[in-house]
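Colleague: The chain contents come next:
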Amino acid sequence: MNLPVLKAKDFESDQDVRWCPGCGDYSILAQMKKVLPEIGATQEGTVFISGIGCSSRFPYYMNTYGMHSIHGRAPAFATGLKSTRPDLSVWVITGDGDALSIGGNHFMHLLRRNVDLNIILFNNSIYGLTKGQYSPTSKVGSVTKSTPRGSIDHPLNPISIAVAAEATFVARSIDTNIKHLVATLKRAAAHKGTSFVEVYQNCNVFNDGTWDYAKNKDTKADSTVELEHGKSLVFSNGTKGIRLNGFTPEVVKLDGNVAQDDLLFHDEKIESPQLAFLLSRMRHPEFPEPIGVFRDVQRATYDDMINGQVDDAKAEKQEGELADLFAGGETWTVE
Amino acid sequence: MISVSDQFPPTNKPSESVTGVTVRLAGDSGDGMQLLGTQLTNTSALSGNDVATFPDFPAEIRAPIGTRAGVSGFQVRFSSEDIFTPGDGLDALICMNPAALVTNLVDLKKTGILIVNSDNFGKKDLKLAKLEQSPLEDGTIDGYRTIKVPMTSLTRTAVEDTGLSTKLSDRCKNFFAMGLVFWLYGRDVEPTLRFIDAKFGKKPEIAEANRLALKAGWAYGETTEAFASTYQVPAAKLPPGKYRNVMGNEALAWGLIAAAKLSGKELFLGSYPITPASDILHELSKHKNFGVRTFQAEDEIAAVCSAIGAAFGGSMAITTSSGPGIALKGEGMGLGMILELPMLIIDVQRGGPSTGLPTKTEQSDLLMAMHGRNGEAPIPVIAARSPADCFQTAIEAWQVATRYMTPVMILSDGYIANGAEPWRIPNVADLPKIKIEHPGPREDGAAFEPYTRDENLARPWAIPGTKGLMHRVGGLEKKDGSGEVSYDPDNHEHMVKTRAKKVQMAADFIDPVEVFGKESGTLVISWGGTYGSCHTAVERSIAQGIEVGHAHIRWINPFPRNLGEVIARYDRVLVPELNNGQLSLLLKNEFLVDAIGLNKIKGKPFSVGEIMKKIYEVSVAPVGAK
Chain A
0 MNLPVLKAKD
10 FESDQDVRWC
20 PGCGDYSILA
30 QMKKVLPEIG
40 ATQEGTVFIS
50 GIGCSSRFPY
60 YMNTYGMHSI
70 HGRAPAFATG
80 LKSTRPDLSV
90 WVITGDGDAL
100 SIGGNHFMHL
110 LRRNVDLNII
120 LFNNSIYGLT
130 KGQYSPTSKV
140 GSVTKSTPRG
150 SIDHPLNPIS
160 IAVAAEATFV
170 ARSIDTNIKH
180 LVATLKRAAA
190 HKGTSFVEVY
200 QNCNVFNDGT
210 WDYAKNKDTK
220 ADSTVELEHG
230 KSLVFSNGTK
240 GIRLNGFTPE
250 VVKLDGNVAQ
260 DDLLFHDEKI
270 ESPQLAFLLS
280 RMRHPEFPEP
290 IGVFRDVQRA
300 TYDDMINGQV
310 DDAKAEKQEG
320 ELADLFAGGE
330 TWTVE
Chain B
0 MISVSDQFPP
10 TNKPSESVTG
20 VTVRLAGDSG
30 DGMQLLGTQL
40 TNTSALSGND
50 VATFPDFPAE
60 IRAPIGTRAG
70 VSGFQVRFSS
80 EDIFTPGDGL
90 DALICMNPAA
100 LVTNLVDLKK
110 TGILIVNSDN
120 FGKKDLKLAK
130 LEQSPLEDGT
140 IDGYRTIKVP
150 MTSLTRTAVE
160 DTGLSTKLSD
170 RCKNFFAMGL
180 VFWLYGRDVE
190 PTLRFIDAKF
200 GKKPEIAEAN
210 RLALKAGWAY
220 GETTEAFAST
230 YQVPAAKLPP
240 GKYRNVMGNE
250 ALAWGLIAAA
260 KLSGKELFLG
270 SYPITPASDI
280 LHELSKHKNF
290 GVRTFQAEDE
300 IAAVCSAIGA
310 AFGGSMAITT
320 SSGPGIALKG
330 EGMGLGMILE
340 LPMLIIDVQR
350 GGPSTGLPTK
360 TEQSDLLMAM
370 HGRNGEAPIP
380 VIAARSPADC
390 FQTAIEAWQV
400 ATRYMTPVMI
410 LSDGYIANGA
420 EPWRIPNVAD
430 LPKIKIEHPG
440 PREDGAAFEP
450 YTRDENLARP
460 WAIPGTKGLM
470 HRVGGLEKKD
480 GSGEVSYDPD
490 NHEHMVKTRA
500 KKVQMAADFI
510 DPVEVFGKES
520 GTLVISWGGT
530 YGSCHTAVER
540 SIAQGIEVGH
550 AHIRWINPFP
560 RNLGEVIARY
570 DRVLVPELNN
580 GQLSLLLKNE
590 FLVDAIGLNK
600 IKGKPFSVGE
610 IMKKIYEVSV
620 APVGAK
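Protein sequence lines, in the order shown, are assigned to chains A and B.
If you're matching positions, the first sequence starts at 0 in numbering that gives the first Met the number 0 and goes up one per residue.
If you're matching positions, the second sequence starts at 0 in numbering that gives the first Met the number 0 and goes up one per residue.
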């Protein structure tokens with residue numbers, strides 16, 4: 000095995016990072032720089048494309064190719080690039096407002112097309128760059144600058160949407176859970192097709208502590224459950240599990256009256272999206288929230304197919320010649 | 000085997016030679032009028048006539064049968080002279096039903112021939128057209144030479160032996176009408192017979208029925224006493240060369256393919272279906288063997304953004320749309336402009352605002368093309384002047400885009416997009432090579448500066464995958480040279496002015512405007528699809544002794560360098576436009592010229608007569624009395 004020649008530092012650009020001190024984005028940036036050399040990425044072969052928002056400044060801080068595009072549209076830029084340059088490794092960096100509000104349409108269509116790239120959604124449930132309005136993932140009742148009497152919008156669930164949009168790889172991780180985040184980013188990079196990773200990211204200025212239940216060392220064991228392929232859902236340091244009651248999950252105590260075999264068994268490879276969807280509906284505080292890979296299945300990628308059609312056409316009809324194109328059909332000559 | 004001339008014998012009736020004929024075929028949108036028109040056009044072009052067409056159809060795919068809303072028309076002019084428009088008045092009008100008659104009769108010359116399908120003038124047909132009385136009997140057609148032909152029943156009889164149902168038999172009546180028209184103008188039926196074989200080859204009974212209907216129509220003309228003579232239109236004297244017929248959208252697609260090939264690029268189109276631009280997407284998607292990748296995006300915004308992504312990756316990137324879609328692409332175009340990446344944005348204009356008149360033509364997106372982006376965001380704008388000119392326009396636009404590293408807007412319109420004319424097929428070796436250089440890999444470890452500029456103020460097109468040239472582009476203002484995000488006030492002003500200057504510099508590359516006609520008096524300035532009407536109007540006005548010249552501009556941003564001098568030579572400027580005065584506004588702003596507008600906003604092109612009338616009005620007025 001070849002040891003990585005590049006180091007995390009090689010992926011750092013010369014730009015000063017301008018996120019607020021204490022922002023969860025710093026950790027995600029650090030883990031990304033760590034992951035890239037480990038997966039054998041090159042600086043020149045990697046492209047980060049973002050939309051608009053705090054998270055979308057990310058490309059400026061990476062010593063790779065990058066595009067800080069327009070609000071919500073990063074998936075469309077990335078689709079155009081990857082369709083024409085399948086040799087590149089493309090990452091889309093987005094946020095909850097960028098991907099799910101203004102860019103909801105592109106997000107959905109990128110997933111169903113299964114373009115071979117990775118989307119990292121920094122979910123902080125707030126609009127940070129515009130200084131604190133509620134976002135599409137903010138809970139009902141959220142008091143923000145634009146909702147002084149509390150938000151009345153029912154929130155979207157990013158994982159549910161991804162699964163419903165035919166995503167082939169869906170995962171969730173947490174900004175400060177370094178080990179888990181690194182492993183999840185690597186899994187996303189390894190998947191052929193669109194990989195979607197939701198990262199719980201803390202905005203310590205406008206929505207501080209929103210994910211504390213999943214991050215705090217006193218509560219996280221009880222309020223998250225780590226998904227592992229081929230294993231049953233056990234959490235709270237092995238004291239609790241998830242069992243299916245009909246189509247509904249329920250929390251059960253592992254006090255000797257419940258057999259491991261009765262617990263919900265995670266299979267990220269099954270073709271049907273029902274299990275991934277069911278897991279996505281498990282929300283705090285009724286359930287521990289699953290982190291890890293919800294779904295990882297194979298389907299032909301858009302970039303392979305669009306290039307495949309070009310290759311097939313060239314093989315069947317030969318490389319196009321302008322003179323043949325112009326002279327096709329009925330012509331006449333004027334002497 | 001029976002030869003074509005046995006089945007379609009040349010006429011024994013007297014034949015009158017005429018220089019040109021304008022025919023309109025009008026019927027229900029399900030009557031096959033567009034097909035008939037296309038056949039007549041192609042056949043005429045193949046026999047050496049110059050041709051110009053004007054298809055006119057409703058926005059609804061199948062409006063209720065027999066209603067005025069459902070009338071579909073196709074106008075074709077074929078001539079032994081070089082022509083630039085599909086003609087003003089009609090020499091012949093073929094109407095398949097009462098609705099077609101009452102909506103089209105106004106355009107028939109008093110000397111013209113009216114041919115109607117008299118089987119379709121029953122009570123029910125009249126009611127559908129909202130008529131109390133038959134226009135064949137109430138005086139409407141008095142004064143016109145009318146030939147009533149029971150086309151439906153004659154077609155049924157002609158195709159009886161094929162055993163087709165009445166419904167299918169009735170569908171052949173457009174071929175009966177075609178046979179009659181072809182006979183009347185001595186057109187060659189062979190191309191149409193080939194067309195029938197190609198199109199209906201898999202359904203032999205339908206192919207046979209259409210052939211029989213065509214033959215019956217031809218024979219009817221020869222037999223009936225209603226027609227005393229036929230007409231011949233000799234071949235036109237076009238410049239020597241090999242020709243074919245092209246429609247505007249087709250020529251544009253081929254121009255794009257040619258530009259890609261000439262610049263050694265593969266083509267990426269991001270597009271969302273919209274009338275009247277979709278045919279460019281259809282045409283390009285057929286030619287994947289040229290390295291063409293077409294992406295039907297989820298919306299107009301994704302279409303332009305995907306194109307920018309492809310441009311960043313080093314492809315020849317294009318997005319196509321019409322007005323409503325271009326409005327949605329505004330933010331994307333602004334990004335493409337500040338990224339300083341080459342790409343083409345194509346607007347096939349239609350009647351606006353909003354959904355407007357989707358299938359009708361208009362020139363009302365000019366100011367949107369010029370200014371429809373937030374901030375100071377000028378981009379070059381070129382407008383094609385005719386269907387065949389779309390080819391050259393695409394190549395020129397890509398030359399400017401790559402030379403100055405900027406998105407370029409191409410304007411076409413519904414009239415050009417769907418209209419057809421003969422196109423002299425270029426010799427591929429004579430087409431310009433388009434040189435594009437991407438900076439190569441760098442090993443020295445120094446930071447790459449993506450906003451350094453060459454003599455054209457263009458920045459290097461460094462593409463991902465190139466070692467050592469890693470850089471970040473984006474919508475935030477960039478420091479000139481290094482490309483770092485910069486909020487420096489002086490740098491921002493400098494960058495705004497640099498990007499604007501680059502567009503102005505393109506005037507060094509484009510051709511100066513040429514003037515046709517007189518060097519003083521009235522100057523007609525036109526742009527886009529009104530070229531043909533304006534040219535012909537000026538030509539005829541000069542023949543009538545009026546002092547008038549014509550300057551047609553293709554590049555509107557920047558204007559040709561000599562346009563100011565040209566304008567200064569004339570006493571007055573007349574600007575005919577299919578909008579409320581958009582080019583006039585730009586000319587007034589740029590040259591402080593008191594341009595007189597001739598503005599038509601009816602979803603229809605100018606007639607030559609309308610422009611001649613205005614030329615006469617303004618030119619006979621004393622100088623200064625504008």
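Just so you know, these hints were derived from the structure itself, not from any lab.
Just so you know, not all the hints are guaranteed correct.
Capping the alpha-carbon separation at 30 Å, the derived lysine-lysine pairs in DSS-like fashion look like this [stated by the list, open to error]:
1. B:K201 <-> A:K316
2. A:K185 <-> B:K466
3. A:K316 <-> B:K202
Colleague: Any of the earlier hints contradicted here, and which numbers?
Modeller: No numbers; nothing is violated.
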